[in-house]
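There are 2 protein chains.
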Amino acid sequence: MKRYEQFADDIAQLIRSGMLGPGQRIPSVRYASQTYGVSPSTVFQAYYLLERRGLIRARPRSGYFVNHHGPSPFYEPVISSPVHESTEVDVSELVFSVLDSIKDPATVPFGSAFPSPLLFPLQRLSRSLSSATRDMDPRVVVTDMSPGNPQLRRQIALRYMVGGLMLPMEQLLVTNGALEALNLCLQAVTEPGDLVAIEAPAFYASLQVLERLKLKAVEIPVHPRDGIDLEVLEQTLARHPIKACWCMTSFQNPMGATMPEARKQALVELLRRHEVPLIEDDVYAELYYGQQAPKPAKAFDTEGLVMHCGSFAKSLAPGYRIGWVAAGRYAQKIERLKLMTSLCASMPAQAAIADYLQHGGYDRHLRKLRYALEEQQSAMLAAIARYFPAQTRVSQPAGGYFLWLELPEQIDSLKLFQMALAQGISIAPGPIFSATRRFNNCIRLNYGGPWTDVSEKAMETLGRIIKSF
Amino acid sequence: MKRYEQFADDIAQLIRSGMLGPGQRIPSVRYASQTYGVSPSTVFQAYYLLERRGLIRARPRSGYFVNHHGPSPFYEPVISSPVHESTEVDVSELVFSVLDSIKDPATVPFGSAFPSPLLFPLQRLSRSLSSATRDMDPRVVVTDMSPGNPQLRRQIALRYMVGGLMLPMEQLLVTNGALEALNLCLQAVTEPGDLVAIEAPAFYASLQVLERLKLKAVEIPVHPRDGIDLEVLEQTLARHPIKACWCMTSFQNPMGATMPEARKQALVELLRRHEVPLIEDDVYAELYYGQQAPKPAKAFDTEGLVMHCGSFAKSLAPGYRIGWVAAGRYAQKIERLKLMTSLCASMPAQAAIADYLQHGGYDRHLRKLRYALEEQQSAMLAAIARYFPAQTRVSQPAGGYFLWLELPEQIDSLKLFQMALAQGISIAPGPIFSATRRFNNCIRLNYGGPWTDVSEKAMETLGRIIKSF
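Each protein sequence line maps, in turn, to chains A and B.
Residue numbering for the first sequence follows the UniProt record's numbering, starting at 1 and increasing by one per position.
Residue numbering for the second sequence follows the UniProt record's numbering, starting at 1 and increasing by one per position.
Honestly, the hints are just simulated from the structure, not real lab data.
A hint or two may mislead.
You can't tell identical chains apart in this list, so a pair holds if it fits in one copy or across any two.
[Said to hold, decoys possible] The calculated lysine-lysine pairs, modelled on DSSO-like cross-linking and capped at a C-alpha distance of 30 Å, are:
id, residue 1, residue 2
1, K333, K243
2, K415, K295
3, K243, K216
4, K467, K2
5, K243, K214
6, K333, K214
7, K415, K333
8, K103, K333
9, K216, K333
10, K295, K243
This is chain A alone, in the form it adopts within the complex (with noise of 0.2 Å):
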């Protein structure tokens, strides 16, 4: 064994012994080099052996970490038990008053679902969009109104296409963000009272969605790495008329979950043999941890049933409101009901996106966004250690800015959201995010904020608060 291995397994020995933890910095090469007595190019050549086997990543001008795929000092989630029922969605009233909590914004905001706006260059797309408007054409107003903005589109589908996946530019909508496009997709494909399948537990504005359209709920359970349980899914879909499957293939929210890619082929063929179309939501696709991002299951996608629904508002344009379907063959219908619905997404939001996609950087602030979420999650890991319940079991997404616990069993996490907001912190309680009304016991924290002294002594309080159950 060389003497740069020999010193490379040092190093791996710690992160798997949790010394170091994930997000945590490894020492420099000129510290390294001085406390453990070797050159400074054994150091090098330890941390790039270490960086090839996936423990630890530099960062440009910011030295190494450890990477997230060490192994956690947590347990995970259990995965829920099937229902094999379908449910009239009623979350609406539990879910506005959960919102309204979060408006102040002197409330610690763990229950939000937004990442901080901070981490976006509002500034830089401001000036985006005024020189996208200066000169535009004020016939585009007519022109591009449907399917939307040309020069987003292209860019979009360039986008795919750099991720491998060819799609043709007249299956690419604009909507107004995703929710938007969610919405529409849904509608195109079921009539009021119809089933859908969902994953449990689902973003709770997926439920709002069913609700609205009065569509019911069967719900499939979600493991927190493998996603949602094909199993049970193909047992649902054998037993009932599901009218369409809906999910969040990577970083599920609020689970975390990022299924394999076998995983997603599977899922695509198995509803491919059911004739049952897929609604992906794939909103935090781009704020992956990893090296590279995870495929959508789209991009097993052979006859056109998979909406993929994509948006900016997670990776770069808060408030922008654009968001986006590759609907497949529901293109023409959904391109018609939203022109019965809302039109189009507002033209000069649409031309500042297409114009700091080719000019602005997109890549190098995704990299940075990338960055503050992961260390961002490694804080909150930390304080959850320190401060919580010792029983307490965690997900640990490799993207996204969620993290999912699974108190002990004797939390009421309804309680426990009325205890925290007392305090100045929201939290969102696990039954918003199912139909039956399950994960009493759990909750959903959200690090999509800088990570400071105002957010360790919340969590303190959090931890506080739910010892005393």
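Based on these hints, arrange chain B on the given structure of chain A.
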């Protein structure tokens, strides 16, 4: 009789006889004084008298013009007969084929639903976009999400106030254009299968919304000047379980009718007695040619039963997709539906319009816009007189940018649509404005673009095709 009174009568006679048409300029003071041998001060006094009588109107720096409520050379369109049945709505295919035809910029857009974008201060708005977003507090992205940008809502409330309406701010919701507002209003008060009273003819988008929400239409005739027929509406309310009434109370699309204030009040009173909510589509409110904006029905609403929907799309910022609703007692329900549908309207667009309303000179722009539309109307009416069959009946709206034409009975407007399109001219055929596909010998023409030789030539061609039937 004084000299100036005599002279005023002479001019009035010219107007009544049609020698001086609506929108036409009357002789300048200098010219009149020389030609008729009267002193300039006599001319001034005469014109002042005619202005007080409402026959002519001064335009700053352009002289005096004939007002529109002079006698028209055309007969009005005939009011349609009532149907007394509810109808499933299924017009979309027809509408989409018409809409598709307008996309080609080479087509003369008489069939368009939009005014020409050349009439709007898009460059000035671009400056507002830039200055309003440059130093925007990033946190507003979360805090202002719903019910919308507070500066914008304050500006809208101010404009209501100037018109004599005091509206509580919390009932004002910003939407993705008026179309979304109308969708949400209808959803807030109906379930699939419900009956909705609408106008006949009605704007086809409202028929499409009914179709999308699986509602049934009960068509109420529209008088070309008085608007929706209150007697028929009253019978309908007595006979059918109507869940909502949707109508355009001013410059109705496509008929052009503006209900007199007393009728608006009677409408609100009638609906109040039946506890039926009114969805008031008032997107052309700012496009009046008279001295004053017509009051909306909302002005007579004491019970919060009227949902008044407005937009900047037709008066200021097409493509920005900013509308609103003053939603009365339904405000909270609509706000929540909106959160489930599209979250919020594009923030930069909201901020830009708020900035423009404060600093951009909206009223100056509106004056220019109204003059332009009124002149374009005169030009189109003149062309109809020149090229169309003498039996043609034409509406003469006091605002907006549409004429409704009733052609001789043998004219099939769907055939006419195809034939005109083959000549590069789009029109809107009558049947798309009715759930029961009536109005087959009617067409809607758009005069929302600057009048050019191309427009004149297109009218001549249209007239020739019509006469060929």
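Are the CA atoms of K243 and K216 at most 30 Å apart within a copy, between copies, both, or neither?
For K243 and K216, both the intra-copy (10 Å) and inter-copy (25 Å) Cα distances are at most 30 Å.
K415 and K295: within-copy, between-copy, both or neither at 30 Å Cα:
neither (39 Å within a copy, 50 Å between copies)
With 30 Å as the alpha-carbon cut-off, assign the pair K467 and K2 to within, between, both or neither.
This pair counts as neither: shortest intra-copy Cα distance 49 Å, inter-copy 97 Å.
For K295 vs K243, is the C-alpha pair at or below 30 Å within one copy, between two copies, both, or neither?
within (25 Å within a copy, 47 Å between copies)
Can you tell me if K333 and K243 fall within 30 Å by alpha carbon in one copy, between copies, both or neither?
both (16 Å within a copy, 28 Å between copies)
K333 and K214: within-copy, between-copy, both or neither at 30 Å Cα:
Classified as both; 20 Å inside a copy, 16 Å across copies.
One pair to classify: K243 and K214, alpha carbons no more than 30 Å apart. Within, between, both, or neither?
The answer is both: 13 Å in one copy and 19 Å across copies each meet 30 Å.
Is it within a copy, between copies, both, or neither that the alpha carbon of K103 lies no farther than 30 Å from that of K333?
Between copies, since 18 Å is at most 30 Å while 36 Å is not.
Up to 30 Å CA-CA - K333 versus K415, copy category:
between (44 Å within a copy, 26 Å between copies)
Under a CA distance limit of 30 Å, which applies to K216 and K333: within one copy, between copies, both, or neither?
This pair counts as both: shortest intra-copy Cα distance 22 Å, inter-copy 21 Å.
Checked against the numbered hints given earlier, this structure breaks hints 2 and 4; the rest are met.
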